[in-house]
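Chemist: The primary structure of each chain is shown beneath.
Number of protein chains: 2
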Amino acid sequence: MLVTDLIRRKRDGVELQRNEIEFLVNGYTRDEIPDYQMSAWLMAVLLRGMTRAELAALTETMLNSGQVLDFSELPAAKIDKHSTGGVGDKTSLIIAPIVAAAGLYVPMISGRGLGHTGGTLDKLESIPGFNVNLSVADFRRVLAECGAGLIGQTAEIAPADKKLYALRDVTGTVESPYLICASIMSKKLAEGIDVLVLDVKTGSGAFMKSEKDAVILAELMVETGQRLGKRVSALITDMDQPLGHAVGNALEVAECIDVLNGHGPDDLRELSLVLSASMFLLGRRVRSVAEGRGLAEEMIASGKAREKFREVIRLQGGNAAVIDDHGLLPQAKQKAEIKSPASGFVTAIMCEQIGTAGVLLGGGRARKEESVDPAVGIIVHKKVGDSVSAGEALCTVHYNSAERLASATPLIEKSYTIAAAVPLQKRPLVHRVIGDE
Amino acid sequence: MLVTDLIRRKRDGVELQRNEIEFLVNGYTRDEIPDYQMSAWLMAVLLRGMTRAELAALTETMLNSGQVLDFSELPAAKIDKHSTGGVGDKTSLIIAPIVAAAGLYVPMISGRGLGHTGGTLDKLESIPGFNVNLSVADFRRVLAECGAGLIGQTAEIAPADKKLYALRDVTGTVESPYLICASIMSKKLAEGIDVLVLDVKTGSGAFMKSEKDAVILAELMVETGQRLGKRVSALITDMDQPLGHAVGNALEVAECIDVLNGHGPDDLRELSLVLSASMFLLGRRVRSVAEGRGLAEEMIASGKAREKFREVIRLQGGNAAVIDDHGLLPQAKQKAEIKSPASGFVTAIMCEQIGTAGVLLGGGRARKEESVDPAVGIIVHKKVGDSVSAGEALCTVHYNSAERLASATPLIEKSYTIAAAVPLQKRPLVHRVIGDE
Chain W
0 MLVTDLIRRK RDGVELQRNE IEFLVNGYTR DEIPDYQMSA WLMAVLLRGM TRAELAALTE
60 TMLNSGQVLD FSELPAAKID KHSTGGVGDK TSLIIAPIVA AAGLYVPMIS GRGLGHTGGT
120 LDKLESIPGF NVNLSVADFR RVLAECGAGL IGQTAEIAPA DKKLYALRDV TGTVESPYLI
180 CASIMSKKLA EGIDVLVLDV KTGSGAFMKS EKDAVILAEL MVETGQRLGK RVSALITDMD
240 QPLGHAVGNA LEVAECIDVL NGHGPDDLRE LSLVLSASMF LLGRRVRSVA EGRGLAEEMI
300 ASGKAREKFR EVIRLQGGNA AVIDDHGLLP QAKQKAEIKS PASGFVTAIM CEQIGTAGVL
360 LGGGRARKEE SVDPAVGIIV HKKVGDSVSA GEALCTVHYN SAERLASATP LIEKSYTIAA
420 AVPLQKRPLV HRVIGDE
Chain B
0 MLVTDLIRRK RDGVELQRNE IEFLVNGYTR DEIPDYQMSA WLMAVLLRGM TRAELAALTE
60 TMLNSGQVLD FSELPAAKID KHSTGGVGDK TSLIIAPIVA AAGLYVPMIS GRGLGHTGGT
120 LDKLESIPGF NVNLSVADFR RVLAECGAGL IGQTAEIAPA DKKLYALRDV TGTVESPYLI
180 CASIMSKKLA EGIDVLVLDV KTGSGAFMKS EKDAVILAEL MVETGQRLGK RVSALITDMD
240 QPLGHAVGNA LEVAECIDVL NGHGPDDLRE LSLVLSASMF LLGRRVRSVA EGRGLAEEMI
300 ASGKAREKFR EVIRLQGGNA AVIDDHGLLP QAKQKAEIKS PASGFVTAIM CEQIGTAGVL
360 LGGGRARKEE SVDPAVGIIV HKKVGDSVSA GEALCTVHYN SAERLASATP LIEKSYTIAA
420 AVPLQKRPLV HRVIGDE
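Chains W and B, in that order, are what the protein sequence lines are. Mind the numbering: the first sequence is residues 0 to 436 in numbering that gives the first Met the number 0, read in order. Mind the numbering: the second sequence is residues 0 to 436 in numbering that gives the first Met the number 0, read in order.
Next comes chain W alone, as it looks inside the complex:
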């Protein structure tokens, strides 16, 4: 088999066979195929697309390039949720406890912040002592004991994805929905799950700004997961403004604890319930979405989900007392209000700017090797549709450096549109549902 032939055939729109894709991906992972051939192939894939069979073969080859976890000894469904990333998108910390509290298993392998979006690992690490770097053996023990575990990707999982992603990052081949799908699904399916619920974000704070692109990616991921024998559904959900009020690692953890205590922002609570309901339904724990939603509400109302989160924190080495006292989470030294320049209604928030402001405050990374400041962030008081008076606070910024505040403030100010009239139509929280039921 000649690499150049495979590149040319992909370039000319010919479908590659499974063994040809295995030859390429495995050869590349073993350093037998050079970067320059793989990048030409990736560009051909980006511009030509893939058939569903090619995509399934690519995903499965990447999945099998490393360790695939097996939790078949656990006596209930293994189930995870994955979000494509957003601003203030913190549902994992709410959903994992809810679903585990109802007797299912959530072996969640998460990522760090990427670009303007936050990452579950960074949020968890704002809890003093919380260890996201468990060995597989420890991960297995935590899961078996409490039903949920939240860790970072290990070097053993999908090494082909790690190598391909690094190449895509420097060759303009990140944005292909096919390559994004294979990257996400190969990592998620290595978790040894039966069920996956995908939260595909769309809007100004998402990677897929248009609903059309979000739907394309969602459909690819659902079909690919199904072809690999999993039950999968995808919710297209709104990321045109931050989810909840808190943007920033410790601030978001506190907000999650509020929701688990039966409080917290409506949109965050609602999305957490909807996603949990889908997970219960696909995990065969309930027979309808409505029943799933009821079960999720019950897990919150009874305090079981909150206690499950306490247990997870404790088992992963964190200070579980944060559940009862937000003050034990890292606190920024100073606060500043961003005030509205006019009276009227918030008609739009450029959500990516808010995320970028959070990164500039130190809550995310401009370069991979940087560390994050867990305490800083933004509390978004005014969201789309809210009325506001001139001089009233739109946001409160929690900061540790005046210089960083100065760079973040204009971004936040410019992200708001204040108009005389209330916006005509509110965007729904869930735009569409795709996949298994």
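Simulated from the structure, these hints should not be mistaken for laboratory data. It cannot be assumed that every hint is accurate.
Here's a subset of chain W near chain B, in silico, CB distances under 8 Å, partners left out [claimed, not checked]:
1. T3
2. A43
3. V169
4. G171
Since this is a predicted model, take the numbers as computed values, not measurements. Built from N, CA and C at the ideal position, the CB exists for glycine as well.
For chain W, the structure is supplied; the task is to place chain B on it using the hints.
Modeler: Below, chain B alone, put in the same frame as chain W:
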């Protein structure tokens, strides 16, 4: 300037600016941009195409990556002809003497055989003693003295093309007409010429099998040359069967001498006259194609072109006595006839197969480092439209190895189609003319 941005913009169909293309090509030539980024960009170019301005910028950057010869001291037009490659395509050895005999200068930098096609350098080297590796100073002296010089590419000419071509060869990015155009034109315009006549081949023995693809490439090359200030025209000419009768290095030299002596095959003589006429016209030596053709005929009839070839051979160290005695050229030890299996008419010859058979006999290279056997080759007796009797010779193979003969013979046999009826329409020798007049 970020390489990844330039790759992404090309990928998305955005036009790159001249300074951006210079940044990419010069950075790559200086080893500052890695292969894997360049190959992704090349694939994006192949699939997205280029604007004429981008193509001119790419060609000029590659041209200026090395030495650009300057023969402005020579007192008449500097003019060259370039063929995209074919089988039995030997017109350079006839045209350079014709044009130089009429007082113009032909600084011809040629290539070796590529794939199934022959190369001018390999043909010239079958003349005992002929040296194609002149220094630029010697090339200049030969040119000044006799008006024509024929050498190989030096390392100093268009090094960007050399590096890019090697990368394209292993990344499935050879076939782009834009990249082919930039590669050809950057090398040709480094010759310091005022005028270029392109012989763009089409048919079963050409790289561009379809006339459509040949026309696309021809138009790109003509416009690019014009943008860089040269007078350029392109003839789309037929390569659906070998040109002339001889395929093989020494055999082709002998056939060229025949034409210069006023004999030789009609098609070879005709194409040589037509191309010479275009060169005379664009070189302002004559006022019409008809006048140019008359001048070319006169150069042959008077023996001036033949004597010019003798002079070139002598000045480049070759044994000029081959002009008077073909027997001084290398001779194969044995000959074999390929006989027609049926009576009828030759309706088609798969021309690439004939070229490949010539390579298999040893007349070309399967790998770059191989040397060629100057003596071997094929004399094609029967061409399209000719009548043939069963058992009559279609070709005579000149060979030095029975094993090589055995591998070449089936290819030649299979390349012929013999039918009861003569083909309805003969393909014209010149399909179209594009460009300056």
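Chemist: For every hint, state whether the structure bears it out.
Modeler: Here is how each hint holds up against the structure:
no. : hint : in the structure
1   : T3   : holds, 5 Å
2   : A43  : holds, 6 Å
3   : V169 : holds, 6 Å
4   : G171 : holds, 3 Å
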